[in-house]
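**Student:** Listed below are the residues making up each chain.
There are 4 protein chains.
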Amino acid sequence: MAEETIGIWLIGAWGGVSTSVAVGLSALQAGLTNQTGLVTSLAPFDTLGLADWSQFVIGGHEIRDTNYLGEAERLNEQSGVFSPKVLEGTAERLRQFDRHIRPGTLINAGPSIEALASEEVKARADESPIAAVQRLRCDIEQFREDLELDHVVVVNLASTEPRQDVRVPSDWTELWHLLESSDRSPLPASSLYAIAAMQAGCSYINFTPSLGAELPALKELAERQGVLHAGRDGKTGETLLKSVLAPMFAARNLRVLSWVGHNIFGNLDGRVLSDPAHKASKIETKDRLLGQILGYKPQTLVTIEYIESLGDWKTAWDHIHFRGFLDTKMTMQFIWQGCDSLLAAPLVLDLVRLTERERRRGSRGVMTHLACFFKSPMGTDVADFVSQFRMLEQWAADVAAAETTTGDGAGD
Amino acid sequence: MAEETIGIWLIGAWGGVSTSVAVGLSALQAGLTNQTGLVTSLAPFDTLGLADWSQFVIGGHEIRDTNYLGEAERLNEQSGVFSPKVLEGTAERLRQFDRHIRPGTLINAGPSIEALASEEVKARADESPIAAVQRLRCDIEQFREDLELDHVVVVNLASTEPRQDVRVPSDWTELWHLLESSDRSPLPASSLYAIAAMQAGCSYINFTPSLGAELPALKELAERQGVLHAGRDGKTGETLLKSVLAPMFAARNLRVLSWVGHNIFGNLDGRVLSDPAHKASKIETKDRLLGQILGYKPQTLVTIEYIESLGDWKTAWDHIHFRGFLDTKMTMQFIWQGCDSLLAAPLVLDLVRLTERERRRGSRGVMTHLACFFKSPMGTDVADFVSQFRMLEQWAADVAAAETTTGDGAGD
Amino acid sequence: MAEETIGIWLIGAWGGVSTSVAVGLSALQAGLTNQTGLVTSLAPFDTLGLADWSQFVIGGHEIRDTNYLGEAERLNEQSGVFSPKVLEGTAERLRQFDRHIRPGTLINAGPSIEALASEEVKARADESPIAAVQRLRCDIEQFREDLELDHVVVVNLASTEPRQDVRVPSDWTELWHLLESSDRSPLPASSLYAIAAMQAGCSYINFTPSLGAELPALKELAERQGVLHAGRDGKTGETLLKSVLAPMFAARNLRVLSWVGHNIFGNLDGRVLSDPAHKASKIETKDRLLGQILGYKPQTLVTIEYIESLGDWKTAWDHIHFRGFLDTKMTMQFIWQGCDSLLAAPLVLDLVRLTERERRRGSRGVMTHLACFFKSPMGTDVADFVSQFRMLEQWAADVAAAETTTGDGAGD
Amino acid sequence: MAEETIGIWLIGAWGGVSTSVAVGLSALQAGLTNQTGLVTSLAPFDTLGLADWSQFVIGGHEIRDTNYLGEAERLNEQSGVFSPKVLEGTAERLRQFDRHIRPGTLINAGPSIEALASEEVKARADESPIAAVQRLRCDIEQFREDLELDHVVVVNLASTEPRQDVRVPSDWTELWHLLESSDRSPLPASSLYAIAAMQAGCSYINFTPSLGAELPALKELAERQGVLHAGRDGKTGETLLKSVLAPMFAARNLRVLSWVGHNIFGNLDGRVLSDPAHKASKIETKDRLLGQILGYKPQTLVTIEYIESLGDWKTAWDHIHFRGFLDTKMTMQFIWQGCDSLLAAPLVLDLVRLTERERRRGSRGVMTHLACFFKSPMGTDVADFVSQFRMLEQWAADVAAAETTTGDGAGD
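Chains as they are written, first to last, in this note's numbering: chain A, 1 to 412; chain B, 1 to 412; chain C, 1 to 412; chain D, 1 to 412.
Bound conformation, chain A alone:
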């Protein structure tokens, strides 16, 4: 297996999470950091024959004009992440990755994202949806061909799109005809990227709250193409805690009266989210799970606001008001101060590794066993974290059992 090389194609390739993925992967390859934060380094995942970090290369689509080292230095300056040693030791690899970044698309991305775009990207404003899909697909295929990659996993890490009401056919063939016949896309950019990825035979991971592959027609496309996908919206901080704490209140029969969550942060994603149209998408995925876990809907409030000085440090204050025995009202509060990109990046690497492994098993369609990584996991209603993690452990047991029987996988 050592000879195989796997591509990671990042959408929003020079954003904060992508930059952290690139720096992190480079640091792992250079032996400059440890495995902290990587789920796939834990037992039982570390013995499943997952690809080695040395086997990965990075490319991607991006609508801004910048480069990895510049973005990494900016992140460092703003948010105090990445040691000088790591920045120095990964610079050459980052420059290599830069070469594989291609212009993305602004279709239905909204004015807040358009405002960030390079001239080159803006120049394609009139591109039809079908032309865009084909161009994006060609970029990915070219990457695979040039670097002789065995597989490419496409990961959406772009800023959250504006929420829009998408009404399209649930049949893939009909949707494709619709796309071919219209100049204005009925789909957001994230879905066009998903189509391009699937048509290119790639896996597709949606780490954002954007629509992506969350459409019946795209689920059909994935099955047809025999590709894997998963999503939606990486679970890195406040929502992770909700999915851990809410089951405790349920198991103790403590009645949650209200759950208020205020989030503040100052990175580029935050700037885009300060546009209310974009924010609506985000808040939806942060709020839904409480009702699923508790079995009733307490009053909830979620805000997410851009506070520039915080940079990448997402700070969340949650106030949980609950009723105990004999109607006694009590309170729990938590404050989470996490560096968003550095929480997300290792999960992206985990998802790529787990997806590539699942592909070797010959699977297709939605990977529900990856639910623990997402705020709104596709294909399952399991919302509490521990149950989701058990699904991943069960998958690992299945993989391990199959390996013992057939000798596939790690032993190759």
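By construction, these hints were calculated from the structure, which means they are not laboratory data. Bear in mind that the values here come from a model prediction, so they are computed numbers and not experimental data. A couple of the hints might just be wrong.
Since the list gives no way to pick out one identical chain from another, each pair is judged satisfied if it fits inside one copy or across any two copies.
[What the hints assert, rightly or not] As a list, the in silico SDA-like pairs of lysine to any residue whose alpha-carbon atoms are at most 20 Å apart: (1) K85 x E73; (2) K85 x R323; (3) K85 x L69; (4) K219 x R137.
Let chain A serve as the given structure and place chains B, C and D on it in line with the hints.
**Tutor:** Showing chains B, C and D alone in chain A's frame:
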């Protein structure tokens, strides 16, 4: 089954938790409150044929001289719990319960607890350990006989004893001989109560950090007598959260660097705990589980201090410092403001109900399936809350399955 | 002086703050509580010959149909305030106060407030502004006459009005002509109440963020009528802390980068504030002072949201991000859990007492020395709390000095 | 004045605060940073003719063997302070400062500090107190002579000494005889340093909780020698907040029931403080002011614990429980996350500048107008921060007025 009556024998019978148990049970019997906070009211436990609240009566041992209504009013005044409606509607029942409270023992309870004792209790200062055990046992047997009870569950809810180094034979017969032959007890009061309970054929639950039945010789005694027991130290607040949150850090491979927990509260237990000898017992059970769950020992600090103005409102501030990907240090903090007695009381009622049900199945010895109720569960190393709760759910499934097969239990 | 009787006329007379004022005053008169929370009980104010609590009676305007005891019990049930002893001991006085409550006006109060109104109040929907002013004025004069009061202090405690763009003449005579000539009022209800109060020769205190007397024409009216007034928006919690903490950052030359304040509460005021039009008025007064104190504008964010379960317990989380020496970014956070009505009520009593005392000195116009009680003090730009408090202490020194010289005041 | 050069002689010269002072001063001299955090850069202090940053040089006593750049890099690695630009741009100056660091003394410093000492310092274990004083004094005089300094300000920044019961004559001559006649010192190291500094004609600032010049005999010595001094214990975080918040509770007549403060941090000072003997000194200065400000003693609890992972980031959680009107109990909590050395360093520079300026006015003895910088200010009982700051502003007004009259100071 409706005719059977079950006794709850509380050690520390007029303390804050016991008073809340008595008020709560009375309010449930009078239909004055709902089931919030009671685990056994949740599915799947609510269909296992557990005893109805109407079947229980309360008695107990106590070293102070007071009564339920007075204590309930004091709790209300200090801490704003119990509505006037509940206090009024339970007064008569509470007076009934008062009649079954007998003088406890001060053997090895330490000067902080002695200072609280009534003259009547202090007068027995010279009682030998064996005399004390026999007296305590008689009190319980008398209670069972007078009220024609089918079973009595003894629950230790007394203030935490001073930590002492107990070196006694691990063989029951030898230990009994030792007790018979000495004037000074080698065992703390909690263990003497446990012996009395078991010799009387009762179940024994240790809801405190005191030693109780946590000795090889007493485990042997439980088996010999065919009685059930469980412990140690009810998990109501900060430690519950630790057992819920630590697994999340483990599952995300986030390295906990330090976990600091400061607890402040102002009830009687708090006053006793401000004596360092007593505090040592408590801190031990609050701190152990992190290493068990994480697989390594982060730096930890736990304090628990008496702040009079807080009354029964235990406030905990926990500061968790952890390292993520690329060595990024991050922080989570939580603040828990819970009313300690009202968090504990429903768990006591749950434990009594679950114990009584298990007894009907003919079991004996340690009930490891009750681990989720305790900070230091006996007979198991499972420390994370969700896994502990699964053990309880598995027990429920076993009970349900047995019922279907044999028709025992609820169907009677 | 013991014979003089002073009326307190509350606008929003059965609301949470007013109810707490009524209960509190009654409890003070009955000797059922202490002076905690009352600024005027502190030295040097306690020796200035302020009126005794026994000298006050309460009346007011209200748009809902209820009564003091009912509202007090509701507050108690929801928020756990007022001991049974206090409720019982004040019931008779509260019933006396109820007799002096008259129907208010809904003019320009907005649909959220209209929805709360009684049928009787709604029936006056067509009342012209001038008719309303005259009716309100008559009510107050009647109160003064019936109870033979020496003076009446009118205090606006009604829910915050919707923010509206008021463009009226700055000359009082022109404004009065405008009111006389139109069917639709160019002024909000709070200003109509202020006019009625001033025309009746009463003092007027605006404890809310509503417009009230904050208009050049009304300042002129106050001078003409020789009456006192002060405002705006009682400073009870988060903003009080801002006015205490911001000067510290200034004095240490620590640069505030951002100051985020999230407020949640669940009383009637909160329900009205969840209407965005009303909220805008509130947030303005909570946010302005930071720039005044610091001398520059950090990024600020203030939210205030209705969370029903909290009742009267206003909980604020403030996150202050600041830069220290060598560009080091640091953080301070605070959490305020205060019972809003109980924080406001004693300040209302203080303001009434201080106003009545100032009137005896023969003053007229804006009382700038009361700045420390308000979020947006009228007639001064002094925004830091300690400087504001010094203004009050200086006033006290002036009063004391005058007394010594002339023998006026307390000694009468 | 531009020609005058002033020495800063630091005791504990390579510790965290001292290193931050050295890096900060160098960065100011090199124009690599701004004035944030420096009180003396604010109006009205910036026009009093204070010495320019370019006029200062650093020397000092230290018991460990290290150097500034190494310590700065360690601080950076542990706690993420000092940008690469600053470290690079100050390296040469730091190496210059290193040349003036001399071995300190371990007399009565306790085993926790002894454990950190270099072999060279340990070798002087048998030095008599008088020999130590003379050696320390010579070092300072040599520094002044070699660099042709106009004045030297000695600042104690060493780790907190163990608390000891010092019983010495209150008369300076007697104390000096006692020192001359004994082999074991009746005084802690901090006092010996103070004596050496004063005998050398230097000013002495005690920025630590250690005893230093807080003895009648040393106050006499200062007067005799005509030197200035001030202390004790720099007020940088939690205590600063106490001195700002407590006056608010007092001014609102809100009764503080309990004030709990838990501090955690992980720098060298923290390691030394984890020795209980040292901690006792510290907690005393953190706790005293509440009673002074409030006029009564609420229940208080202060802990300060060493948590290694936090490095220089001192985190404090304070829980303030207070009673408002009608006996309603409420809560305020704050969390302070400050970088201790970077909060202290600018205050040290401010103190040196203000002391040097005061010396030019010809004053001697305790500088009470510097109270706002200290937890336990010498020579005054004024404990609230704003009043203390007013004392400093008054001093500034006096200096400015004198300058106008006499033309002394800045204009020279």
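**Student:** None of the hints should be skipped; say for each whether it holds.
**Tutor:** Here's how the hints hold up against the structure:
1. Taking the shortest Cα distances, K85 and E73 sit within 20 Å of each other both inside one copy (12 Å) and across copies (13 Å).
2. For the identical chains of this complex, K85 and R323 are inter-copy neighbours only, at 18 Å across copies versus 51 Å inside a copy, given an alpha-carbon limit of 20 Å.
3. Taking the closest pair of Cα atoms, K85 and L69 come within 20 Å of each other both inside a single copy (13 Å) and across two copies (17 Å).
4. Taking CA atoms no more than 20 Å apart as the test, K219 paired with R137 passes inside one copy only; the shortest distance there is 18 Å, against 69 Å between copies.
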